[in-house]
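Modelling step: build the complete structure from the supplied sequences, incorporating the hints.
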Amino acid sequence: MPTSDQSLAIGYNYQDQTDLLQKAGLTLFTVGLLLLLLPSLPIEAALRQGLLWSGICLSLLGLGLYFGQTYRKSHPGVRNNGVWLRGSTSRGNIAWVTAVGLTGFYIILYWFPFLLEGQIRALDTFSQWLRGKPADHWLLYGTFYTLAILLMGVRAMLKYRHSPYQVIRTISVMFFQLGLAYLIPYTLQKLNEPEFYFSYFWPLKYDYLFPGTVSYLINEPGALGVFMIFWTAVISLVGVPILTYFFGKRWYCSWVCGCGGLAETAGDPYRQLSNKSRAAWQWEVAIIYPVLGFIVLTTLLLWLNSIMGGGLLGSLSNGFAQTYGFFIGAIFSGVIGVGFYPIMGSRVWCRFGCPMAAYLGLLQKHFSRFRITTNGGQCISCGNCSTYCEMGIDVRWYAQQGQPIIRSSCVGCGMCATVCPRGVLNLENGPREGRYQPTTLISPENLRILD
Amino acid sequence: MQVVIVGNGVTGVTAAITIRKLNPVALITLISSESTHFFSRTALMYLYMGHMQYRHIKPYEDWFWTEHKLNLMQASVASVDFSAKEVVLSSQVRVPYDKLLLATGSIPRALEIPGENLAGVQGFYSLPDLENLEKYSQQIKRAVIVGGGLIGIELAEMFYTRCIPVTFLVRENYYWGNVLPPEEGNLIQEHIREHGVDLRLNTTLQEIKGDSDGKVKAIVTGQGEEIPTDLVGVAVGVRPNVSFLKGSPLKLNRGILVNPYLETNLPDVYAAGDCAEIVPDKDKNTYIEQLWYTGRMQGETVAHSICNRRTAYSRGIWFNSAKFFDIEYQTYGKVPVKPDSETQTLVWQHPKRKKLLRINYHQPTGKVLGFNLLGIRYRHEVCENWIREEKPISYVLKHLREANFDPEFYRRYEKEIIQAFSRQLSAVIP
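Protein chains in written order, with UniProt numbering: chain D, 1 to 451; chain V, 1 to 430.
What the hints contain is simulated information worked out from the structure, not anything from laboratory work. Hints may contain errors.
[To be verified] Label pairs and their computed distance ranges (CB to CB):
| no. | chain 1 | residue 1 | chain 2 | residue 2 | range |
| --- | --- | --- | --- | --- | --- |
| 1 | V | P280 | D | Y245 | 47 to 53 Å |
| 2 | D | K73 | V | R401 | 34 to 40 Å |
| 3 | V | T66 | D | K73 | 43 to 49 Å |
| 4 | V | P128 | D | A279 | 30 to 36 Å |
| 5 | D | F246 | V | S426 | 52 to 58 Å |
Ideal Cβ positions, reconstructed from N, Cα and C, are used throughout, including at glycine.
Right, dumping it as structure tokens:
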């Protein structure tokens with residue numbers, strides 16, 4: 001046991017010691033989680049509602065207390081102490097239990113939502129107020145998802161408070177999730193307008209540019225439906241290339257996107273678990289581009305089909321949307337993407353499965369001003385950058401040769417630059433000329449990883 | 001051509017990779033007793049702190065070595081038979097070479113005081129040192145660190161993350177006083193103390209006392225104070241790891257003596273990195289460089305010499321960096337502890353936050369000489385160019401923004417810096 005008497009003699013709290021307040025926070029959180037299970041019992045509606053809301057409040061309060069106290073005690077700076085010594089963040093028992101719990105939640109949500117009936121009914125009053133209709137399992141999920149981003153966003157802001165880039169970026173993902181992916185779509189529902197997510201675009205929200213969605217929105221009374229088509233088409237086909245040209249794919253993946261938002265906040269404790277091997281990179285390339293190609297091809301075929309009055313595909317198009325939705329939407333992005341956070345890291349979906357990431361990545365690699373610059377010969381090859389890259393990029397490979405890092409998968413979270421102990425890396429939007437130019441202060445090895 | 005490299009640190013590995021680049025068919029063998037694969041020595045502290053695991057600090061995946069036909073051998077070298085051109089392993093196996101590179105690195109310097117060999121007294125340099133540290137720092141009440149340099153503060157940070165109270169003995173009258181000017185040293189030592197470290201300046205270590213089991217139990221300072229402790233981290237510098245070469249025809253002094261081409265006195269035998277003591281052409285003093293960067297640059301240079309493209313080692317404009325707990329440090333060019341009479345120094349320090357910029361320039365000509373930075377990042381290329389091109393201080397101040405390498409959204413301090421420097425400048429130029 002570390003002796004506190006000697007350290008207390010000079011009035012000091014060692015930040016890595018779990019104190020009473022932190023333990024109280026964790027206890028409150030556990031009690032809150034247990035309360036969330038209770039509405040499943042056959043009890044009356046008012047009690048159910050009371051239990052669910054006290055569960056939500058207690059677990060938020062408990063974790064908030066824990067994080068607040070943890071970071072109040074620590075100096076601002078990189079705090080990855082013990083990440084690979086604690087089981088919860090290094091695939092230990094706690095990590096496996098968490099993964100099983102999360103995966104189980106997704107399985108219930110997608111295939112057995114009736115098991116959540118008690119919790120869903122407890123949200124009815126809230127749902128009526130928010131969107132003018134009774135709750136369903138997607139409202140429950142959306143609410144938990146948004147709360148996770150908000151709470152873990154506060155944690156990220158505390159943890160990275162020494163870095164304005166990380167703080168502002170975290171505020172951005174919290175804002176877009178709460179506003180554009182939660183409050184606005186549900187308010188639209190309340191106003192009897194289509195539930196529309198202004199922060200998701202084709203090809204991630206692939207059906208937004210399918211003929212079926214377009215004709216449905218056009219037939220909506222009022223101008224809003226037309227505006228929605230306009231919005232999604234213009235951003236997907238014009239806005240994305242322009243914004244990516246100036247800022248790289250980060251403007252979306254680590255600033256706006258809801259999947260990215262969850263990865264950057266709730267997934268932050270797990271970012272170091274991504275696989276950095278060359279083999280993983282080969283898998284990434286082999287999966288993500290075919291997914292994009294599949295979506296592009298399907299969209300084109302559906303339009304062709306629609307123009308030909310259904311002569312090409314007949315009723316196949318519905319079947320497609322369902323199959324794709326099941327395999328990619330449910331299994332990949334949900335069960336594996338989030339359920340496996342504590343085992344495979346926070347960006348499995350973004351890295352291996354997201355068609356939007358593939359599209360943005362191609363633009364970032366070939367038509368962008370964005371790069372991560374290496375500061376001359378200052379790299380000491382320590383490996384913090386690669387370890388904490390959630391996308392599994394071996395950042396050090398480039399840095400130790402003095403090369404700028406230009407990788408289609410880079411989401412621009414900036415964590416490599418934040419954890420670098422020598423300040424070697426910097427995210428920059430420079431001119432495209434000389435973008436690949438390595439420093440003259442190190443001789444590059446001229447050895448490639450992937451041809 | 002059979003090239004044998006003793007040592008798989010940054011020098012040996014950079015040399016091996018560079019030789020492979022210059023010569024696709026050479027047989028290259030790297031021998032190390034410490035580990036099969038190359039790892040980043042500078043990252044050892046992060047293993048103890050739990051930021052990374054051993055596999056993360058290997059800069060190359062294991063396929064790299066086979067794909068580039070770099071033969072790795074984990075073995076301890078007992079001696080070198082220079083006349084037979086063979087490296088002799090402790091297993092008595094002999095490894096023949098056409099060209100030999102000695103890149104054996106350093107070992108921690110000894111204190112030469114009583115009690116130095118007690119269990120729990122150790123340096124922090126190698127993988128075995130890390131294992132010992134892990135073993136001897138379990139459940140301890142206090143650790144004492146001796147030596148106010150980079151390894152000393154690393155150890156302090158490491159113990160801090162394990163909640164181990166630390167007493168830190170520094171011989172100088174402020175932290176790293178033999179390298180940093182006082183403002184920098186004071187700023188850092190204030191930061192050290194904020195982390196609860198019991199920092200003792202002007203303090204040396206007199207004696208280490210052990211218990212009946214041969215384990216350390218206390219230290220006695222130069223002032224005669226006895227401090228109970230369970231572990232003593234010795235961080236008083238390193239010396240070349242060359243003892244296995246003593247008594248051979250190879251010329252040694254403190255390190256292996258080499259000319260600027262990194263050639264030793266024996267044909268086809270080269271030395272580079274921490275273990276090499278370079279004898280400059282003119283009658284300047286010999287020098288040993290013990291940094292990651294210099295190791296890498298020497299490795300690259302010696303590879304050219306080995307591949308018959310004799311290249312003299314020139315490290316260019318000096319640079320270095322470090323991190324003291326949360327404060328990043330960069331230096332470019334010449335920033336001595338005490339500037340000579342012709343050097344003027346401008347210092348800006350943030351009134352509250354831990355940020356500092358020092359620029360030295362040559363008073364008669366105005367040309368810029370060097371930069372010290374704490375808590376601010378500057379571009380290596382820009383600083384290097386300004387120093388090499390001898391840009392006047394007025395030019396540097398006008399273009400200061402171009403040097404900044406801080407991340408997006410970080411507050412910039414050029415305005416405050418220029419104002420502060422203008423006041424200091426007008427004081428020296430009436």
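Provide an ascending list of the numbers of those earlier hints which the structure does not satisfy.
Number 5 - this is the single hint that the structure violates.
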